[in-house]
Every structure is written in structure tokens, then in C-alpha cells.
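Using the sequences and the hints, build the whole thing.
Here the protein sequences line up with chains U and D, keeping their order.
Heads up, the first sequence is in the numbering used here, so the first residue is 180 and it goes up one at a time.
Heads up, the second sequence is in the numbering used here, so the first residue is 5 and it goes up one at a time.
By construction, these hints were calculated from the structure, which means they are not laboratory data.
Accuracy of the hints is not assured; some may be wrong.
[What the hints assert, rightly or not] Here are the simulated SDA-like cross-link-like pairs (lysine to any residue), alpha carbons at most 25 Å apart as the crow flies:
1. Lys296(U) to Glu313(D)
2. Lys235(U) to Arg291(D)
3. Lys274(D) to Arg242(U)
4. Lys229(D) to Gln270(U)
5. Lys235(U) to Arg283(U)
6. Lys274(D) to Glu378(D)
7. Lys288(D) to Asp230(U)
8. Lys229(D) to Asp230(U)
9. Lys296(U) to Pro251(D)
10. Lys235(U) to Lys274(D)
[Unchecked claim] Computed list of chain D residues with no C-beta within reach of chain U, every gap over 12 Å:
11. Pro263
12. Gly342
13. Ser360
14. Asp370
[Said to hold, decoys possible] Cβ pair distances, simulated, as ranges:
15. Glu340(D) to Ile285(U): 29 to 35 Å
16. Leu253(D) to Ile213(U): 35 to 41 Å
17. Thr268(D) to Gln277(U): 35 to 41 Å
18. Pro237(U) to Thr268(D): 39 to 45 Å
19. Ile213(U) to Asn305(D): 51 to 57 Å
20. Asp361(D) to Lys235(U): 28 to 34 Å
21. Phe202(U) to Asp327(D): 44 to 50 Å
Ideal Cβ positions, reconstructed from N, Cα and C, are used throughout, including at glycine.
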Amino acid sequence: MATTLRAPWPNYKVTSILPNPQFADTRATEGTVIIKRTMTGKVITYKRPSDRFTLKLPFQLTRMKALELEAFLNSYQSASIFIELGYDGSQWEAKLVQQPVIRRAIERIGESSTIGKELVEVTLTFSAKRLN
Amino acid sequence: MGANQFGSSTFPFVLGLVNDNNVTRDVAQTFLTDGISLGTVYRNAADRIFFFGAYPGPLGGPTGEIGQEATTNFVYGDVANTFFDGPKSNLAGRDWQVDVQQDIGFTERYRINPFADQMFSAAADPASSRVGRVFAHDATNEFDWNDHDGDVAYEALQRTYLASNTFSWTQTLLDTPEVGDLFDTFLVDAQTLDTAGTDFGGTAAQTFLRQHVTFRVQGAICPEKEYTPFVGESGDSSYPEVSTTPPILGSGVLTLTHPRVTPTLTLTLKNPEFGNSDVITFTKVDRQTRGGDRKFFADSNWGSTQSFELSIENVQSCKVTIDEILEFLNTSLGEEIGLLDWEGRQWKGIIVAPESDVIPRVGGHDVRILFEGELV
Chain U
180 MATTLRAPWP NYKVTSILPN PQFADTRATE GTVIIKRTMT GKVITYKRPS DRFTLKLPFQ
240 LTRMKALELE AFLNSYQSAS IFIELGYDGS QWEAKLVQQP VIRRAIERIG ESSTIGKELV
300 EVTLTFSAKR LN
Chain D
5 MGANQFGSST FPFVLGLVND NNVTRDVAQT FLTDGISLGT VYRNAADRIF FFGAYPGPLG
65 GPTGEIGQEA TTNFVYGDVA NTFFDGPKSN LAGRDWQVDV QQDIGFTERY RINPFADQMF
125 SAAADPASSR VGRVFAHDAT NEFDWNDHDG DVAYEALQRT YLASNTFSWT QTLLDTPEVG
185 DLFDTFLVDA QTLDTAGTDF GGTAAQTFLR QHVTFRVQGA ICPEKEYTPF VGESGDSSYP
245 EVSTTPPILG SGVLTLTHPR VTPTLTLTLK NPEFGNSDVI TFTKVDRQTR GGDRKFFADS
305 NWGSTQSFEL SIENVQSCKV TIDEILEFLN TSLGEEIGLL DWEGRQWKGI IVAPESDVIP
365 RVGGHDVRIL FEGELV
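Here it is as C-alpha cells:
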């Protein structure tokens, strides 16, 4: 299972395969509401519905995979990107909405002795529309 | 089907394979003469196949139609039975493309997307900018060229002029097509493109119908860990190319130089602690429509930079004194410096927060550097 990014959607040119995102990836609606109350207590809501969702996908990558992701994003930062999340099969047409922060980290493995494994943490934030 | 029907008995088809290094080979011909090495195929994490038929004359006219049945069936059989054994995943189809070669030395590319789900999703969304690029779809599973002919032709022509020698493959007639099972559930059955009343360029000398299929071959090098972007050989030229060659990383010691060209001041520090981060900074326009859709625009000429936040601890005073660090920050204030990072990559840019504290501690001092720049 993997995460597949393709761009530009729908006329794909580049496909990039990433591992599954880490736990605690999030989805949120993009609809907004403004609530007003009149002097008599009546509630009036102004809403802007949206069929888009905000996806936050935290990844842990190897350095080389992170470099591939950098190259991918440098080319398609403004394009529609097709995302398929391998763990649930959902497909999305998405656009990158935040500058990705690439953090170099080290993962400690072991209990009595510790081995460090270098990895790269990246969180991608998309505004996405579900396709399936 | 009309006079311009594509069919295996009329048109020669070529099956080819392009690997990650963009080395193109005529697989069909290779197989017939030399055989094909499966190792060659499996070495690449994401190979792709392509096939196209050639029609030796202009398309269009009062009864013109292009049918895809013969083409796809033909290639199903060849692909499934001949070359690619083993598990596949991430199957994906790309556009059918009709390329018209004209005497003027340009190739006009018309895009036809045969995949119903994409068609429907785009057609069902009136706010989508893609509506103009796809074809209307009716109950009989036909794509009507006429409805959006002007839009499509204009859009495509603006973007994809190609040299006329794009398709200089050797064409080979193969045996009777036979339907394999690899792509059965994947490609859409029997679609036709109705070209009645349209003209794909009256002076066209040759017309090609192409299809690309991408997939990932499992069991090759791990595409989730290695630098393995799959890059197609066609696409929208308005986006910068993604290199298929991984950057070469070496090792080094964090070294700042000023000025960048012919430096007179050099500051060699320790490499930063883990937890350092860099941010890819893009310049793009982000607008949300009243319908809730988001529109982005970025020009490939608009640069992108990377911002580093580096934390260096325990810089020993016997090697670099605080005064030397402060002198460098003061001298290079607002000016371009060079930065050689710990992976041996050379950057140019500026220090964006020269006022960061340098903190003396037992055993050395701590430095924090915020740098914004781009690779040289």
C-alpha cells in the first residue's frame, strides 16, 4: 500500500509513489459559517458550503524520496494533483495550499541501546475534492 | 464506423516501452528479432508502455470516425501475454492523443480522454476549467468532437506544438490481435470519436492515435524509498520538467562564504543538529471562487526558494570564536553569501535573521542561522 501522487491532473505526466502517511493524518471540511444574532435573539447564519476538504498528510520519508517529492512539488505546486491513499483507496483531486516544511529528524530505535535512523518528515496540506 | 476508422487490419501498430531513463525502444520489433529481457523491464520501478496507430492521411470529413476498439484489444493481448509477467499495481491510463503531422513542420496535438470517470467528473462540474478540454459524452458512449471543437483545438494548439519528427518509430505489423486480461477492467470498452463535420487540418500528412498506460512493477527497487519518479514523455509543457536522475549527495562541513563570488570571508561551522528544517517557498496566486473551487496560478519563471533553519551547537571557541561569527553576520548583512551544506550542495542566498543570538555555553557556543536561498 502506498500513496500515489500524479500531476497534472487529469493529464498525468509525472507519478510519484510515497509511503502511507503517518497516523494522525487529518481531513476537515472547508465550508464556513458566520453566525449573527438579532436583538431579539434570532439566529441568522451565513454559510459558504464547499465540496472540498482539507487533507493534512504527514509523511516520513527517506532523504532520496524527499528529494523526489521536492522536485515533484517544485514542478506542480500550482497544478491539480491526483492523490490516491493506499490505506483506504480514496482518490482525490487536490491542490497544495501550504508551503511544505521539510524537517530532518532522527528516529530512535531500541530500548537498552539506541540506534538512530535518519529520516525526513514532511506534512503536505491540500485542498481536495473526493473523486470516489 | 466511417471511412477513417482505425483498425488493426488497416493500421500498423507499434508497441513500445520507455523506461525511467527515457530510453525508448521499439519493444515489438525487439521482441520479434532479439527477444526482450525481463530483467530490463523489472529494473525500473515504474515503466510505461505506449502504443499508437498511424493513419496515413488526414482525418475528418463528413463521415469520419475514429474507433479505439481494435487498437486497445490489440495491445491488451500483446502486453498481457508477452512482456510483463508478475504483479502490477497503480495502473493508470492517460490521454488518447491524436497527433496530426502537417506539412508546415508542426504537429498539432488534440487530446481525447477516453476514461469515463474523468469525463463525467469534469463534465459534471460546470465550474471546472477542464470542461473546455474534454468532450461531451452521451448515452451511447460516444464523444462528440463538434461540441467543444473550438475550445479544444484552441487550447491544445496553444500549448503543444511539437516537432514533426516526434514519431519517427519503425512501424511493425503484428499478428492477429487478441484480448488479454491485464487491462480488461481498466480501459474503457469500445468508444468512438465522432469527427463528422470537423477537419483535423486539411493538409495533414499523417495522423497518429496514441495511448499511454502507466503502471508500477512490484518487486523492483522500492519506489516508496528511492528516487523513482515516473515521468511520461508527453504532457503539458507549461510545467517545469521533473528530473528522472536523482541529485548526487555527498558530504561536507557547513561553510559560509562572503561574498559568494570570490569570497574573502569564510566561516566554517559544525553541521547542524537534527531537527533542522527547510521550507520550500513558492510564489503562486491562490483564489477561491464563489462556487467554492480553488484556483491556483504560478508561472514557471517565478522562482522558488528554500528557507533553512539551522541550529548548530557546541561550536568550539578554539575553532571559531564568537567574534568571527558576529563579524561574518555583520559583513554579510543583506548581501548574497554562499552556503556549502553538509550534503555537499552549494547554495546561494542571504541570511534572513542576522540578529539571532550566539549563545556561549560550557564547551562551545550555540548558533542559529536562518538562511533563504536556492541551489546553485
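Against the structure, the hints:
1. Lys296(U) to Glu313(D): 21 Å, holds
2. Lys235(U) to Arg291(D): 20 Å, holds
3. Lys274(D) to Arg242(U): With Cα atoms ~20 Å apart, Lys274(D) and Arg242(U) stay inside 25 Å; holds.
4. Lys229(D) to Gln270(U): Measuring from Cα to Cα gives roughly 22 Å; hence the hint holds.
5. Lys235(U) to Arg283(U): 19 Å, holds
6. Lys274(D) to Glu378(D): 21 Å, holds
7. Lys288(D) to Asp230(U): Measuring from Cα to Cα gives roughly 23 Å; hence the hint holds.
8. Lys229(D) to Asp230(U): Given that 25 Å is the threshold and the Cα spacing comes to 33 Å, the pair is violated.
9. Lys296(U) to Pro251(D): OK: Lys296(U) and Pro251(D) at ~21 Å, within 25 Å.
10. Lys235(U) to Lys274(D): 34 Å, violated
11. Pro263: Nearest chain U Cβ is 27 Å from Pro263(D), so the label holds.
12. Gly342: Holds, since 21 Å exceeds 12 Å.
13. Ser360: Given a closest Cβ separation of 19 Å, the condition holds.
14. Asp370: With a cut-off of 12 Å, Asp370(D) remains clear of chain U, as the shortest Cβ separation is near 18 Å.
15. Glu340(D) to Ile285(U): 29 to 35 Å: Holds - the Cβ-Cβ distance for Glu340(D) and Ile285(U), about 32 Å, lies within 29 to 35 Å.
16. Leu253(D) to Ile213(U): 35 to 41 Å: Distance hint for Leu253(D), Ile213(U) is violated at roughly 50 Å.
17. Thr268(D) to Gln277(U): 35 to 41 Å: For Thr268(D) and Gln277(U) the Cβ distance comes to about 39 Å; the hint holds.
18. Pro237(U) to Thr268(D): 39 to 45 Å: Taking Cβ atoms as reference, Pro237(U) and Thr268(D) lie about 43 Å apart, which means the hint holds.
19. Ile213(U) to Asn305(D): 51 to 57 Å: 39 Å, violated
20. Asp361(D) to Lys235(U): 28 to 34 Å: Given a distance of about 32 Å, which is inside 28 to 34 Å, the answer is holds.
21. Phe202(U) to Asp327(D): 44 to 50 Å: Cβ of Phe202(U) to Cβ of Asp327(D): about 48 Å, so the range 44 to 50 Å holds.
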